[in-house]
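Protein sequences appear in the order of chains A and B. Here the working numbering is used: position 26 in the first sequence is 26, and no number is missing along the way. Here the working numbering is used: position 39 in the second sequence is 154, and no number is missing along the way.
Careful: at least some of the hints might be erroneous.
Straight-line distance between alpha carbons at most 30 angstroms, and here's what the computed DSSO-like set of lysine-lysine pairs gives [what the hints assert, rightly or not]:
{"id": "1", "chain 1": "B", "residue 1": "LYS185", "chain 2": "A", "residue 2": "LYS20"}
{"id": "2", "chain 1": "A", "residue 1": "LYS20", "chain 2": "A", "residue 2": "LYS41"}
{"id": "3", "chain 1": "A", "residue 1": "LYS64", "chain 2": "A", "residue 2": "LYS41"}
{"id": "4", "chain 1": "A", "residue 1": "LYS14", "chain 2": "A", "residue 2": "LYS64"}
{"id": "5", "chain 1": "B", "residue 1": "LYS151", "chain 2": "A", "residue 2": "LYS41"}
{"id": "6", "chain 1": "B", "residue 1": "LYS185", "chain 2": "A", "residue 2": "LYS66"}
{"id": "7", "chain 1": "A", "residue 1": "LYS64", "chain 2": "A", "residue 2": "LYS20"}
The set of hints was computed from the structure by calculation and includes no laboratory data.
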Amino acid sequence: GAVVSQHPSRVICKSGTSVKIECRSLDFQATTMFWYRQFPKQSLMLMATSNEGSKATYEQGVEKDKFLINHASLTLSTLTVTSAHPEDSSFYICSANLRSNYEQYFGPGTRLTVT
Amino acid sequence: GQQLNQSPQSMFIQEGEDVSMNCTSSSIFNTWLWYKQDPGEGPVLLIALYKAGELTSNGRLTAQFGITRKDSFLNISASIPSDVGIYFCAGHRRSGSRLTFGEGTQLTVNP
């Protein structure tokens, strides 16, 4: 149990375009999902907390108008990188908590490359 | 920034050796989690700890929640080549709080 999927696994886009990444909890419902960013050889950096039915909570320094998060259902959260720039190229990973415990399960990640 | 100090940063060992890594913090944590991340993949949960002093095993892996609630260690016994990867500790400082990560331990196992 506790499987989280992400789509796409890899995406290349041109500078100035927008990219949407989906995160799904496949076998459980998640009222809260998290979006992380990871640079090579570094730890995970939390970008925002996505709450079902309400606005996301963004970490300090993360532009909410650039990284749009929507958590429309208990099994789906989306991250849209708007007007992407090469510096947005990174590994984006989502995660979700099971309702009744603090175990956080991660998706397989999405490699974004902006050219 | 990071509130968990994880060490060592990297380890190079021979197959069959035992491995130990740990995380410490100046703050108290309510839960400790240990993850393994393979290249190009998301982290996979290995062990979750919920009580101070708790010692939990998962196959060849053993982790403990420090009695002071400010540290945790992960041991891997009889390492094998597929143990290669980056191991992260993580924890919740309080109920409902976000997960804080250590900086990771890169493990290399030579056959």
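Going down the list of hints, with the structure as the test:
| no. | hint | in the structure |
| --- | --- | --- |
| 1 | B:LYS185 x A:LYS20 | violated, 38 angstroms |
| 2 | A:LYS20 x A:LYS41 | holds, 25 angstroms |
| 3 | A:LYS64 x A:LYS41 | holds, 26 angstroms |
| 4 | A:LYS14 x A:LYS64 | holds, 21 angstroms |
| 5 | B:LYS151 x A:LYS41 | holds, 14 angstroms |
| 6 | B:LYS185 x A:LYS66 | violated, 36 angstroms |
| 7 | A:LYS64 x A:LYS20 | holds, 14 angstroms |
When the structure is compared with the earlier hints, violations turn up for hints 1, 6 and for no others.
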